[in-house]
Amino acid sequence: MSASELVKDIGGLVSLPDVYLRINRLVDDPDSSSADIAKAISQDPSFTVRLLRVANSALYGFSSTIDTVAKAATIIGTTQIRSLALSMSVARSFAGLPNDLVSMDNFWRHSLLCALAARHLAKEARRCDPDALFTAGLLHDIGELVIFNRLPAQAKEALELVLDSQDEIPVYAAERQVLGFDHAEVGGEMARAWKLPPLLEECIAHHHAISDPKRYPRETSLIHIANVIALMAEIDTLDPADVAPIDPLAWENTGLSKESVEPAIRAIRAEVVEVEKLFLGDQ
Numbered sequence: 001m002s003a004s005e006l007v008k009d010i011g012g013l014v015s016l017p018d019v020y021l022r023i024n025r026l027v028d029d030p031d032s033s034s035a036d037i038a039k040a041i042s043q044d045p046s047f048t049v050r051l052l053r054v055a056n057s058a059l060y061g062f063s064s065t066i067d068t069v070a071k072a073a074t075i076i077g078t079t080q081i082r083s084l085a086l087s088m089s090v091a092r093s094f095a096g097l098p099n100d101l102v103s104m105d106n107f108w109r110h111s112l113l114c115a116l117a118a119r120h121l122a123k124e125a126r127r128c129d130p131d132a133l134f135t136a137g138l139l140h141d142i143g144e145l146v147i148f149n150r151l152p153a154q155a156k157e158a159l160e161l162v163l164d165s166q167d168e169i170p171v172y173a174a175e176r177q178v179l180g181f182d183h184a185e186v187g188g189e190m191a192r193a194w195k196l197p198p199l200l201e202e203c204i205a206h207h208h209a210i211s212d213p214k215r216y217p218r219e220t221s222l223i224h225i226a227n228v229i230a231l232m233a234e235i236d237t238l239d240p241a242d243v244a245p246i247d248p249l250a251w252e253n254t255g256l257s258k259e260s261v262e263p264a265i266r267a268i269r270a271e272v273v274e275v276e277k278l279f280l281g282d283q
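The opening position of the sequence shown corresponds to residue 1 in full-length UniProt numbering, with each subsequent residue numbered one higher.
To be clear, the hints were calculated from the coordinates, so they are not data collected in a lab.
Errors might be hidden in some of the hints.
What the hints assert, rightly or not - The list that follows gives simulated cross-link-like pairs (lysine to aspartate or glutamate, DMTMM-like), each with its CA atoms no further than 20 Å apart:
#1 Lys214 to Asp167
#2 Lys258 to Glu234
#3 Lys156 to Asp167
#4 Lys277 to Glu234
#5 Lys71 to Asp44
#6 Lys214 to Asp129
#7 Lys195 to Asp29
Work the whole structure out from these sequences, hints included.
Have a look at this one:
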C-alpha cells in the first residue's frame with residue numbers, strides 16, 4: 001500500500017466541516033468580500049463563538065475587543081481567517097480519532113507547541129505568514145493519526161523499532177522501514193485530497209526532507225525547526241543535544257540562527273496552556 005492509497009477514502013474517516021469549506025471557497029473567489037466570509041461563518045454559531053474567542057486571545061493581542069465576525073474578518077484578514085478556521089476545524093475533527101498507540105493529549109500538545117513555535121519563527125524570519133505557519137505546524141504530523149488508525153499493527157512495529165534501536169532512529173525513518181513511506185508523505189497526500197493551499201501541502205509533506213520543497217523551502221524549513229523546538233519544550237530542555245538535530249539547511253533557508261531556539265522555547269511554554277483551551281477545549 002502507498003501513502004496515496006492510504007488516504008484515498010479519507011472522507012470516511014474524517015472530514016472538514018462545512019463552515020471551513022465555505023470559507024475556503026469564498027477566500028479563493030475574487031468576487032467575494034470579507035462580509036460574505038463573515039456571513040458564512042455566522043451561519044455556524046458554535047464556530048463563531050470559538051473564532052471570536054481565539055481572535056480576542058493573547059494569540060493576536062489586539063488592543064480593542066473584537067465582538068463581531070465581520071470585525072474579525074476585517075482586522076485579522078480573510079486569508080488569515082481561512083488559516084485559523086482550518087486550524088480550528090482539523091483540531092476538532094481529529095481530536096476524537098481513536099487509536100490505541102499514543103496519547104491524543106500528547107499528540108495535540110506537540111502539534112500546538114510546533115504551531116506556536118512556527119508562528120513565533122515566522123514573525124522573526126519575516127516574509128512569511130505567521131497564521132499559515134501556525135496551521136502548518138498544527139497539521140505537520142496529521143499523517144501519523146491516519147497511520148495509527150488505519151495500519152495499527154505496522155504503526156506499532158515502527159514505534160517498537162524506535163524504542164528498541166540503540167542509535168535512536170527517528171519515527172519517520174522507522175515508518176519508512178516498515179511501511180515504505182512515512183507520516184509526512186501521508187499528511188501531504190491528505191493535504192492534496194483536501195485541496196489545502198500548496199504552502200501547507202509542502203510544509204506537511206517535507207518537514208523531514210527540507211531539500212525537497214520546490215515552492216516553499218523557507219516555510220518548510222521553519223516547520224522543521226519548529227518541530228525540534230516543540231520536542232525540546234516537551235521534554236523541558238534547552239540543550240539541542242537532547243533531541244534530533246536541526247538540518248543545517250534549515251538555518252540557511254530561513255536566515256535564522258541557533259540563537260532563535262531558546263527564546264522560542266520560553267515563549268511557547270508560556271502560551272501553550274491558553275492555546276490548548278482555545279483549540280481543544282469543549283470537545
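Evaluation of the provided hints:
At roughly 31 Å between alpha-carbon atoms, Lys214 and Asp167 are farther apart than 20 Å, so this suggested pair is violated. At roughly 18 Å between alpha-carbon atoms, Lys258 and Glu234 fall within 20 Å of each other, so this suggested pair holds. For a cut-off of 20 Å, the pair hint linking Lys156 to Asp167 stands: about 19 Å separates their Cα positions. The hinted pair formed by Lys277 and Glu234 meets the criterion: a straight-line CA distance of about 17 Å does not exceed 20 Å.
Between Lys71 and Asp44 the CA atoms are separated by roughly 17 Å; this keeps the pair inside 20 Å, and the hint holds. A distance of roughly 18 Å separates the Cα atoms of Lys214 and Asp129; the hinted pair therefore holds under the 20 Å criterion. With a C-alpha separation of about 15 Å, the suggested pairing of Lys195 with Asp29 holds against the 20 Å cut-off.
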